[in-house]
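Student: Just so you know, the sequences run in chain order Z and C. Going by the numbering used here, the residue at position 368 of the first sequence is 368; the numbering climbs one at a time, nothing skipped. Going by the numbering used here, the residue at position 287 of the second sequence is 1287; the numbering climbs one at a time, nothing skipped.
It should be emphasised that the hints constitute simulated quantities derived from the structure, not laboratory data. Incorrect hints may appear among the rest.
To be verified - Below are the DSBU-like pairs computed for lysine-lysine, each with C-alpha atoms no more than 30 Å apart in a straight line: (1) Z:K93 x C:K1370; (2) Z:K41 x C:K1279; (3) C:K1310 x C:K1347.
What the hints assert, rightly or not - According to the in silico footprint, chain Z covers these stretches of chain C (three or more CB under 8 Å from chain Z): (4) 1024-1035; (5) 1254-1263.
For every residue, glycine included, the Cβ atom is placed at its ideal position computed from N, Cα and C.
Okay, here's what each chain looks like letter by letter:
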Amino acid sequence: MNLSEYFELLISDYTLRTISIGTAILGAICGMLGSFAVLRKQSLLGDAISHAALPGIAIAFLIIESKNSTIFLIGALISGLIGTFWIRGIINKTHLKSDTALGLILSIFFGFGMLLLTYIQKLPNANQAGLESYLFGQAATLIESDVWLMAVVTGISLIILLLFWKELKILLFDPDFTKTLGFNTRFLDILITSFIVVAIVLGLQTVGVVLMSAMLLAPAAAARQWTNSLSTMIFIAALFGASSGVIGTGISASSNNLPTGPVIVIIAGVFVLVSFIFSPGRGLLFRQIRFRKNRRDLQLHKTLSFMYNIAKNHENISHPHAIRILNNFQGFTKKSLKELEDHNYIKLQGNMWSMTETGYHKAANLYNQITKTHE
Amino acid sequence: MNSAQIEIQLIASLVAIACAIPGTFLVLRKMALITDAISHSILPGIVIGFFITHDLSSPILILLATATGVLTVILVEFIQKTGLVKEDTAIGLVFPALFSIGIIMISKNASDVHLDIDAVLLGELAFAPFDRLIVQNIDLGPKSLWIIGSIVMITLSLLFTFFKELKVSTFDKGLAASLGFSPILIHYGLMTVSSITTVGAFDAVGAILVIALMIAPAATAYLLTQDLRKMLSLAILFGIAGAILGYWTAHFLDASISGSITTVLGIIFLLVYLFAKNKGLFSVLYRQKQQKIEVLLLTFLLHLNNHSEKEERHVKHLTEHINWQKVKAKTVLNLALKNNMITVEDKIVSLTEKGKTFTEEAINYIITNKDTEIEKMKDRFFLFRG
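The following block holds chain Z by itself, in its conformation from the complex (with noise of 0.2 Å):
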């Protein structure tokens, strides 16, 4: 099966849409939360999440001892935000830093929920199999009732989003200043963290523990590139993250042996790719192009101002002076004399250069203008 015959199943196939509208609610989802993760500098807090997440999952099967995938996700949520809560006791109560108390709470709820998961594996109990599925995600097990979860749980998150929008907003970006506007900023911080976790914990399914971070961090990162704006970044996060969520899918199911996590994580790799270097407004491409520009017009400017100098000293502005007496100036070049002359600052001819009335003042006038537009 190839990818355009995907398209077609896509609309014919009953599993397959199920499966695509899942991942594209998913990533809509993560794209919306993360944005807050990333511009509140908790990226990392989702990996953390996410592996806590683990033995929440082990112990809700030890448990009930069946497969029941919203009792799971209880689990994981609690147990997520377990490790929320220790993390932030960490750095608040210790002198740890927030690094290690990330990197410790992801590594021993890890591997907690791993020594559970191979305890069960040798429990005699045929329902187990495909626990390991939470690891790195199997997005065909994803049925119907699953999928209105995910609906249902980002409607809610969407209205307490709009509800409060300003708070959140405000929060974001300067906490000091809404602690003295009167808001409840240990709320509004609860509130956002647990709606992270929740994200974190509809994924699990999905992509799996080990990944479930990149599908936080990825679309909003992405997103951050091509706008200044909050809402248009929340917007074009969780478009970016429905997208590779859908694409990663369906590459995932054309293929055999291709778990579906790291494929979406790949794809939202290459959003975060392109956006790095084709953003108009920050991206590397286009800054290196405005990077060689000013140099440029520097360059010219520089040349410009030490013929200004040496024409000051005439009477007649534009008397022609060989090319021979720049030489002691290292910024010019045949290339850059002519573009200068493009410009109509100077004239050529042969080996001689002057300087119009144009040229003239515009180096008169170049520090005024570098100094004006500074103040």
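Put chain C on the given structure of chain Z with help from the hints.
Tutor: Frame of chain Z, contents of chain C only:
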């Protein structure tokens, strides 16, 4: 205990030592999460190396994977330098992408590669004793033991040779640079050692345990001491304890060895986090409560010092005017009485001589902005602490 069990514990302990040393420095340098990135992103290096050599313990594979680890660090730093995203996001973007590439390579070639995803995350410590190094028909012990052993030797010799440089550059980069040690060289040296350790340990204990073994013992030790030498030795000690206790836990539960080593490390951390003498949660909470009451006491004494009129000094006034609850007012009053700061006659509170001196000195410190001196003053005046 049979010889395989001893060998497994030996390997686990050596891994713990090899991880604890760079881990301590990473925790101190606030770069703990780079281990997370390295341990995940060396996967493509390992897979490619495995395609070439078909041997998980070949030197080429270790070299390739180490290079991937250092490449990750360079990539993360490059993204950080562009300023397009905040620092931690750079880590979060790089390693999942590289890890995904590794996973996809494994899954696509699952049929002809004996490298499965569980082994990547958890390692195969239980099988380590079966892969033996045999030279001219003489059994020299498990291969992983030799690999980890040499990594420990390298790490230890580097540690002893460059201890001073590492110490200075960890705590004061500027000073290190002005003394002529290149911080960049030390930084990348540390990164290389971390990568080598991660790669070497990877085969035995898997990606996640490497992170746990690097961070958890160092973080636990950091809660107990501020001395670098002590912290290093404590970290090594905790690592080894975790390794051996973890092995036996796994043995009794019949579960993953690396999973239980991590869990034991977590329990050790939790105990220290709760009960450490000065930095533990309980002692921090206790100290915070103590200081809260002592600040209240000081406020109360200042209030008494300011007012000579009787109605302002009535016991009831505490609850009525300063808005303290009954219990709180009683605690403060009792503390002041116990310390001989006040006397109570007919429910009218007045300062004693000692109380007056204390209050005046405190005011002096507050006015001259030397609030920290008050702590020392408390030691002189207080018979009982709050």
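Student: Against the earlier hints, flag every one the structure doesn't satisfy and list their numbers going up.
Tutor: Per hint list: zero violations.
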